[in-house]
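Numbering (the UniProt record's numbering), first residue to last: 1 to 446.
Honestly, the hints are just simulated from the structure, not real lab data. A portion of the hints provided could be inaccurate.
Claimed, not checked - Label pairs and their calculated CB-CB ranges:
1) Lys202 to Ile346: 20 to 28 Å
2) Asn313 to Thr270: 20 to 28 Å
3) Ile192 to Asn155: 15 to 23 Å
4) Asn349 to Asp31: 18 to 26 Å
5) Glu14 to Ser352: 42 to 50 Å
6) Lys431 to Asn165: 37 to 45 Å
7) Ile437 to Lys233: 21 to 29 Å
8) Glu439 to Thr326: 43 to 51 Å
9) Lys163 to Ser352: 33 to 41 Å
10) Thr326 to Gly289: 18 to 26 Å
Claimed, not checked - Here are the computed lysine-lysine pairs in the BS3-like style, where the Cα-Cα straight-line distance is at most 27 Å:
11) Lys163 to Lys317
12) Lys421 to Lys209
13) Lys163 to Lys54
14) Lys309 to Lys147
15) Lys73 to Lys50
16) Lys390 to Lys421
17) Lys100 to Lys127
18) Lys330 to Lys160
19) Lys151 to Lys163
20) Lys9 to Lys52
21) Lys384 to Lys234
22) Lys234 to Lys209
23) Lys54 to Lys73
24) Lys88 to Lys118
25) Lys421 to Lys234
26) Lys194 to Lys218
27) Lys283 to Lys209
28) Lys52 to Lys86
29) Lys86 to Lys100
30) Lys340 to Lys234
31) Lys340 to Lys309
32) Lys177 to Lys151
33) Lys151 to Lys283
34) Lys300 to Lys281
35) Lys147 to Lys163
36) Lys88 to Lys15
37) Lys9 to Lys88
38) Lys86 to Lys127
39) Lys118 to Lys209
40) Lys177 to Lys163
Built from N, CA and C at the ideal position, the CB exists for glycine as well.
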Amino acid sequence: MENKNIEFKIDIPEKQSNLKKEIVSFLNSNDGEIYLGVDDNGVPNLNLIKEKSKFWEETISNWITNAFNENVKDFVEIISDDSSFKIKILEGNNKPYYYKEGEGFNSKGIYIRVGSTKRRAELEEVKKMLFNRKPNNFESTLINNDKLTFKYLENKFEEKGLKFNPIALSLINKDNKYNNAALLLSDQNPTISKFAVFADTKVSVFLDKKEFTGSIVKQLDDMIYFSNLLNRKKITINGSPERNEYLDIPEVALREAIVNCFCHRDYSLTGDIKIEFFDDKVKIFSPGGLPDNLTLEDIKEGFTAKRNKMIVNVLDKIGLIENYATGVRKIFEGYEGFEKQPTYYISENGISVTLFNRNYDESQKQPDNINDLVGLKKLQRSEKIICMMKENPRITIDEMAEILEVSPRTIRREIYILRLKNKIEYIRSGKTGYWVINENIVEKEE
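Could you put the whole structure together from the sequences, leaning on the hints where they help?
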């Protein structure tokens with residue numbers, strides 16, 4: 001049967017460009033084989049193969065020499081005998097490939113393989129191919145901006161007792177030209193990351209959203225910081241001397257999923273890294289699929305990807321990652337023994353990972369009225385929380401939940417938003433702590 005690697009053709013089509021498109025689609029996507037003299041059901045016509053084999057070989061050999069925009073002789077091979085005629089195609093390393101039509105090359109005829117069919121590549125897909133061409137990949141492409149600063153990154157190096165050297169890190173060339181990797185790591189980085197908190201298990205009502213800017217290192221730190229604020233701990237006492245403590249999301253899984261976004265996203269594509277917190281899960285999205293035709297199973301086994309080597313090197317030096325392709329394995333190890341395992345959705349446009357809340361129990365859910373989450377009632381509840389903190393700085397979340405007759409989860413959401421707005425702060429003192437109100441900000445909003 002035909003699939004993403006196998007195509008059947010009874011003959012070279014009258015419009016020869018149709019077969020050239022098939023060859024191009026494999027060159028631009030993945031290894032494949034085209035069988036001539038075989039019908040759509042995979043049944044060979046032996047008489048036709050014997051009759052036309054010589055003509056097919058002459059025609060295809062001529063195409064290999066001059067019918068494509070790049071030299072493909074190392075990627076296209078003819079294998080034939082009396083019972084079969086096969087065109088074996090390897091994925092090319094200098095994409096995009098397109099074919100000759102008439103007297104010229106059809107640069108709009110850039111095709112890719114999707115499942116068992118071909119289709120014309122979209123603009124973003126062509127851009128991705130161009131940026132991945134050797135040696136001009138996206139990271140090393142030079143930019144016309146000599147005003148970059150690296151204050152945040154320099155501080156990170158200093159914390160590690162290291163000196164920040166853009167030349168040694170391959171961020172600038174001998175002519176003092178920065179590249180895209182330098183731009184992304186600089187304080188002037190134009191990309192942003194998005195963070196959202198939703199009221200329930202769906203996107204119908206959100207509680208808060210933020211956009212992080214600056215160096216991707218700063219954005220990574222911000223994402224981890226605010227994610228940890230929302231990652232609550234459940235303590236279970238079952239009569240034994242030891243108590244069980246579970247964060248909603250395993251700390252290592254949450255951290256690695258976020259770090260992977262910044263290490264391996266495709267920065268040549270438009271789009272933003274996004275993190276969405278729901279009651280029952282966290283969804284994390286990064287633009288761009290897996291590089292080098294890797295699969296999720298490949299990565300679980302320890303195979304490495306080649307994308308963003310310069311950025312990965314910098315993050316490794318400042319201690320944000322371990323440069324040994326262990327991230328995905330750590331994510332699944334964090335969920336060992338739990339029923340709901342992390343899920344991945346992978347396409348050419350992006351990767352979405354869902355990390356499930358280990359402490360979420362639908363049967364014990366204490367739903368709040370949706371109207372209670374927005375508008376005046378929400379504002380009134382926030383004001384009540386601040387008042388309670390003023391009256392009793394050591395008041396606990398459970399105590400506030402009992403007074404306001406809502407769930408502790410709802411109080412945590414409100415506190416999270418108050419902390420984002422710098423209205424309150426929690427000061428730890430030994431095993432306990434107390435609340436501090438920022439009177440200046442509270443009074444301004446009033």
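Now for the hints, and whether the structure bears them out:
no., hint, in the structure
1, Lys202 to Ile346: 20 to 28 Å, "holds (23 Å)"
2, Asn313 to Thr270: 20 to 28 Å, "holds (25 Å)"
3, Ile192 to Asn155: 15 to 23 Å, "holds (21 Å)"
4, Asn349 to Asp31: 18 to 26 Å, "holds (22 Å)"
5, Glu14 to Ser352: 42 to 50 Å, "holds (44 Å)"
6, Lys431 to Asn165: 37 to 45 Å, "holds (44 Å)"
7, Ile437 to Lys233: 21 to 29 Å, "holds (25 Å)"
8, Glu439 to Thr326: 43 to 51 Å, "holds (47 Å)"
9, Lys163 to Ser352: 33 to 41 Å, "holds (38 Å)"
10, Thr326 to Gly289: 18 to 26 Å, "holds (20 Å)"
11, Lys163 to Lys317, "holds (11 Å)"
12, Lys421 to Lys209, "holds (12 Å)"
13, Lys163 to Lys54, "violated (66 Å)"
14, Lys309 to Lys147, "holds (23 Å)"
15, Lys73 to Lys50, "holds (25 Å)"
16, Lys390 to Lys421, "holds (17 Å)"
17, Lys100 to Lys127, "holds (21 Å)"
18, Lys330 to Lys160, "holds (24 Å)"
19, Lys151 to Lys163, "holds (12 Å)"
20, Lys9 to Lys52, "holds (13 Å)"
21, Lys384 to Lys234, "holds (25 Å)"
22, Lys234 to Lys209, "holds (25 Å)"
23, Lys54 to Lys73, "holds (19 Å)"
24, Lys88 to Lys118, "holds (17 Å)"
25, Lys421 to Lys234, "holds (26 Å)"
26, Lys194 to Lys218, "holds (13 Å)"
27, Lys283 to Lys209, "holds (14 Å)"
28, Lys52 to Lys86, "holds (13 Å)"
29, Lys86 to Lys100, "holds (21 Å)"
30, Lys340 to Lys234, "holds (17 Å)"
31, Lys340 to Lys309, "violated (33 Å)"
32, Lys177 to Lys151, "holds (19 Å)"
33, Lys151 to Lys283, "violated (31 Å)"
34, Lys300 to Lys281, "holds (22 Å)"
35, Lys147 to Lys163, "holds (20 Å)"
36, Lys88 to Lys15, "holds (21 Å)"
37, Lys9 to Lys88, "holds (14 Å)"
38, Lys86 to Lys127, "violated (31 Å)"
39, Lys118 to Lys209, "violated (40 Å)"
40, Lys177 to Lys163, "holds (20 Å)"
Hint compliance for this structure: hints 13, 31, 33, 38 and 39 are broken, all remaining hints hold.
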